[in-house]
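Number of protein chains: 2
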Amino acid sequence: MSETKILLEESEIPSQWYNVVADMPNPPVPPLGPDGKPIGPEALTAIFPDALIEQEVSTERWIDIPEAVREIYTLWRPSPLYRAHRLEKALGTPARIYYKYEGVSPAGSHKPNTAVAQAYYNQQAGIRRLTTETGAGQWGSSLALAGQMFGIEVRVYMVRVSYEQKPFRRSMMHSWGAEVLASPTEQTESGRKILAQHPDSPGSLGIAISEAVEEAASRDDTNYALGSVLNHVLIHQSVIGLEAKKQFEKVGDYPDMIFAPCGGGSNFGGVAFPFFADKAAGKEIRLVAVEPSSCPTLTRGHYAYDFGDSMGLTPLLKMYTLGHDFMPPSIHAGGLRYHGDNTLVSQLYNEGLIEAQAVPQLATFEAGVQFARSEGIIPAPESNHAISACIDEALKCKQSGEARTLFFNLSGHGHFDMASYDKFFSKELEDYEYPAEAIEEALKHLPKVAQG
Amino acid sequence: MSETKILLEESEIPSQWYNVVADMPNPPVPPLGPDGKPIGPEALTAIFPDALIEQEVSTERWIDIPEAVREIYTLWRPSPLYRAHRLEKALGTPARIYYKYEGVSPAGSHKPNTAVAQAYYNQQAGIRRLTTETGAGQWGSSLALAGQMFGIEVRVYMVRVSYEQKPFRRSMMHSWGAEVLASPTEQTESGRKILAQHPDSPGSLGIAISEAVEEAASRDDTNYALGSVLNHVLIHQSVIGLEAKKQFEKVGDYPDMIFAPCGGGSNFGGVAFPFFADKAAGKEIRLVAVEPSSCPTLTRGHYAYDFGDSMGLTPLLKMYTLGHDFMPPSIHAGGLRYHGDNTLVSQLYNEGLIEAQAVPQLATFEAGVQFARSEGIIPAPESNHAISACIDEALKCKQSGEARTLFFNLSGHGHFDMASYDKFFSKELEDYEYPAEAIEEALKHLPKVAQG
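Which chain is which? The protein sequence lines are A and B, in order. Counting from 238, one number per residue, gives the positions in the first sequence under my numbering. Counting from 238, one number per residue, gives the positions in the second sequence under my numbering.
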């Protein structure tokens, strides 16, 4: 039997990130200001350092990874590429299944790949503090880790209901020295406004974003950091796909299809875009973004200009969206509940160059449990979406007898999501198909100025 | 800067485990029956398969690792040896600090190294079910994983108070298909007896052991599995130290001192005993077992025959003990609360060939947080004991200017122990020095027949 884990040396950590813009057939659709006119990079200088703004609009194919960032990467990177021998056997499929395991990072997911880069560039720009928002805490803990590594204070606005019900990622952030506040707080205008009307507000990601952005915009020593959606985040995450390409080369194989969970797009973009370069050069490969059927942004949303946040404070982005006032159904256990998507992912999907699939919740947990019982690792609920789609394809191969090479990104472990598994085992989780009427309704709420 | 992680290929996973008995200057002191006479291996056949009983009393230096076990090991092994560059820098020490990271296993600790072996040998012996006990769930989840890998049903008797207060490792066991019962149960004589007297009993490890052993002894298709204390467990864990030796060879270094947390001894024995072979051959190396000062078995206990369990059902073992009726103080957050110790660890300590240190609880958490802020990984509270002792030594090196090579076993991550970190941050944890009177008192309760 061939090896289980395909490993790289630390010297093989990529020295440059990849930027898909260079290989796209059309230039990226620009963001717009509230007046409907394209905005330039200068609109972002209040909350991001120049280096990240440059990356956000860069058309260069390759962007150097600073040595200090690569040094932190060595704490867990290169991450292993696994051949899923035991899962293949359990499925009885002729397909060869591989997965890249990003749960080896100290925070347990792929998020630190960009958190570390963002902390570094902010430190270089003389920034002393970073603010961010977090829901269940995956992104907040990654930024806490990264801030600690570069001596930057991190303040995390954590959605109050998560702060109270999911204390363990909060403790993780404390372990790495971050300050964690239950949002809404009394510390910001946005927070005070909400609390005046709803003293018992459970908070929301939208409110937490507003608080974090407001504080960053109002303090010279403080910037803001975002864990997905933006282009520079996807650039940093390209380290996943770039490593994977080297690993496939080592075993003389190459994926026919790649599956990745897709919420804001950083996971999918991170693993799939470096392979898009090959596709643009003529190689046959299918890149599949997998999203929950309760939040079917790509598969059923509108391709339109919309706000990135629920309060309508951000520039307008051309993306697939369920409407910025989208409220994720509470029966959903995992992440991937963002109403929109990264604009490059959206554009490539609109041009038919990448694919998307929506999968129902129960199927994702079934797939995750089957995976855990074969391969050992208990996956994060987000990762279960990719596993579910990959297993479906492997079973098609079983039917057809095709020995395809399937590859998915196991973006994180589920150690902080066991409560969701508990609900799954006790049959408290349900499937939820996002209603067609809500999608129709969203059309009416899209910002008028920008469409057409 | 040299590499952060020293990796091995899967082909370098050892093909044989190491048995320290072959290198001990004196033969192991035998276990005794209740009549004070040495007992033979046959006393164990009701609950263990022959292969494990043979290992328990083996004097062979090398024991072949079955290919099927090595295959499962490849899911996470070889585990990385880290050079703690960032911790060294934070401490400003000339010492070179290394740690072996066993948290990469799907269960998050070193425990699966033996769980997998035990599940395999039981499967080979035609056993269909395994029972075991678990407190916080680290061992139970490891056996659940291992049982799933070899198609063996696992029933875990989990101490009721943990079952209710620490649901996440329970969910983990469910994810791997194990049955988890809150002990005491109505399913065993032992459980029923307790419940008749104390219907609301919170349970204890002692009761859970009795239930698991009783069930295994009474059913032909069922055996029992133990996660530490016994010799065969230490043999399986030797894979840690054997890999580490190869890794040190790769970088041309060798430890002057090894630190490992010590509860039942499998962690310490696993990492340190393969180096004992070199010590026996004349090499200078110090092997330090680190225990909590709230449960100072080696440093302050009696070296005497005692029972392995609190009910007095096991054979009598010559070991360092605080008395089998030892009640661990509830203020202690981590593991390592076993009243006794593996007999080989005890004997070598008694002969002055290995060392032991007791460290107070708060210092261990301080060390763990300092480690997390330098190296990223949040350690299990048990592992923090080794980290604490290692940091103390590194600071001594700073004083003396000696560039010693220090090595500790990072036996697991703390993802399921964040509640303990929470208590540490909110100052709810205290130090607790085990009282001298209790140690005196224990002398009186030692089984009379066996001493002298």
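Honestly, the hints are just simulated from the structure, not real lab data. Please note: incorrect hints may appear among the correct ones.
[Unchecked claim] A partial selection of chain B residues facing chain A, derived with a Cβ cut-off under 10 Å:
#1 E240
#2 M261
#3 P265
#4 P271
[Unchecked claim] BS3-like cross-link-like pairs, simulated, lysine-lysine; straight-line CA separation at most 30 Å:
#5 A/K326 - A/K635
#6 B/K326 - A/K487
#7 A/K242 - B/K487
#8 B/K520 - A/K487
#9 A/K403 - B/K681
#10 A/K482 - B/K403
#11 A/K326 - A/K681
#12 A/K660 - B/K482
#13 B/K274 - B/K664
#14 A/K483 - B/K516
#15 B/K274 - A/K403
#16 B/K520 - A/K664
#17 A/K685 - A/K326
#18 A/K487 - B/K660
#19 A/K487 - B/K664
#20 B/K635 - B/K403
#21 A/K242 - B/K660
#22 B/K403 - A/K403
#23 B/K242 - B/K633
#24 A/K242 - B/K633
#25 B/K403 - A/K660
#26 B/K430 - B/K326
#27 A/K242 - B/K664
#28 A/K483 - B/K664
#29 A/K482 - A/K430
#30 B/K664 - A/K482
#31 B/K242 - A/K482
#32 A/K483 - B/K403
#33 A/K660 - A/K487
[Unchecked claim] Just so you have them, the derived chain A footprint on chain B, three or more residues with Cβ under 8 Å:
#34 292-303
#35 306-320
All C-beta atoms in this analysis are idealised placements derived from N, C-alpha and C, irrespective of residue type, glycine included.
Okay, the hints, checked on the actual structure:
1. The beta carbon of B/E240 is positioned within 10 Å of a beta carbon in chain A (closest approach about 5 Å), and the interface hint is therefore held.
2. Nearest Cβ of chain A to the Cβ of B/M261: about 35 Å, over the 10 Å cut. The hint is violated.
3. Because the smallest distance between the Cβ of B/P265 and any Cβ of chain A comes to about 34 Å, over 10 Å, the interface hint for this residue is violated.
4. Checking B/P271 against chain A by beta carbon gives a least distance of about 41 Å; that is not within 10 Å, so the hint is violated.
5. For the hint pairing A/K326 with A/K635, the CA-to-CA distance comes to about 11 Å; that is within 30 Å, so the pair holds.
6. Taken as a hint, the B/K326 and A/K487 pair is broken in the structure, with Cα atoms around 35 Å apart against an allowance of 30 Å.
7. Between the alpha carbons of A/K242 and B/K487 the distance comes to roughly 20 Å, so the proposed pair stays at or under 30 Å and holds.
8. For the suggested pair B/K520 and A/K487, the alpha carbons sit about 40 Å apart, so the restraint of at most 30 Å is broken.
9. For a cut-off of 30 Å, the pair hint linking A/K403 to B/K681 is broken: about 47 Å separates their Cα positions.
10. Distance restraint check for A/K482 and B/K403: the Cα-Cα separation of roughly 41 Å exceeds the 30 Å cut-off, and the hinted pair is therefore not satisfied.
11. Between A/K326 and A/K681, the direct Cα distance comes to roughly 50 Å. Violation of the 30 Å bound is thereby established for this hinted pair.
12. For a cut-off of 30 Å, the pair hint linking A/K660 to B/K482 is broken: about 44 Å separates their Cα positions.
13. Between B/K274 and B/K664, the direct Cα distance comes to roughly 50 Å. Violation of the 30 Å bound is thereby established for this hinted pair.
14. Taking the CA atoms of A/K483 and B/K516, the gap is near 42 Å; set against the 30 Å cutoff, the hint is violated.
15. At most 30 Å may separate the alpha-carbon atoms for a hinted pair to count; B/K274 and A/K403 exceed this at roughly 54 Å.
16. A distance of roughly 59 Å separates the Cα atoms of B/K520 and A/K664; the hinted pair therefore is violated under the 30 Å criterion.
17. About 53 Å separates the Cα atoms of A/K685 and A/K326, which puts this hinted pair outside 30 Å; it is violated.
18. Between A/K487 and B/K660 the CA atoms are separated by roughly 47 Å; this puts the pair beyond 30 Å, and the hint is violated.
19. This hinted pair does not check out: A/K487 and B/K664 have alpha carbons roughly 50 Å apart, beyond 30 Å.
20. As the CA atoms of B/K635 and B/K403 are separated by approximately 40 Å, the hinted pair breaks the 30 Å bound.
21. Using a Cα cut-off of 30 Å, the hinted pair A/K242 and B/K660 is violated, with the two alpha carbons roughly 38 Å apart.
22. Taking the CA atoms of B/K403 and A/K403, the gap is about 13 Å. The hint holds against a cut of 30 Å.
23. A threshold of 30 Å between alpha carbons decides the hint, and for B/K242 with B/K633 the separation of about 25 Å falls inside it, so the pair holds.
24. Note on A/K242 and B/K633: the hinted pairing is violated, with a Cα-Cα distance of about 39 Å set against a maximum of 30 Å.
25. Annotation: proposed proximity of B/K403 to A/K660 holds, straight-line Cα distance about 15 Å (limit 30 Å).
26. Only pairs whose Cα atoms come within 30 Å are accepted, and B/K430 paired with B/K326 is rejected, the gap being roughly 57 Å.
27. Distance check on the hinted pair: A/K242 and B/K664 sit about 42 Å apart at the alpha-carbon level, beyond 30 Å; violated.
28. Note on A/K483 and B/K664: the hinted pairing is violated, with a Cα-Cα distance of about 48 Å set against a maximum of 30 Å.
29. At most 30 Å may separate the alpha-carbon atoms for a hinted pair to count; A/K482 and A/K430 exceed this at roughly 49 Å.
30. With a C-alpha separation of about 48 Å, the suggested pair B/K664 and A/K482 falls outside the 30 Å cut-off, and the hint is violated.
31. Taking the CA atoms of B/K242 and A/K482, the gap is about 21 Å. The hint holds against a cut of 30 Å.
32. Under the criterion of a C-alpha separation no larger than 30 Å, the hint pairing A/K483 with B/K403 is inconsistent with the structure, at around 41 Å.
33. Straight-line distance between C-alpha atoms of A/K660 and A/K487 comes to about 41 Å, which puts the hinted pair past the 30 Å bound.
34. Given as covered by chain A, the region 292-303 of chain B fails the check, having 0 residues with a CB less than 8 Å from a CB of that chain where 3 are the minimum.
35. For the region 306-320 of chain B, the proposed coverage by chain A is satisfied: 4 residues have a C-beta within less than 8 Å of a C-beta in that chain, meeting the threshold of three.
In terms of the numbered hints stated before, the structure departs from hints 2, 3, 4, 6, 8, 9, 10, 11, 12, 13, 14, 15, 16, 17, 18, 19, 20, 21, 24, 26, 27, 28, 29, 30, 32, 33, 34, listed from lowest to highest.
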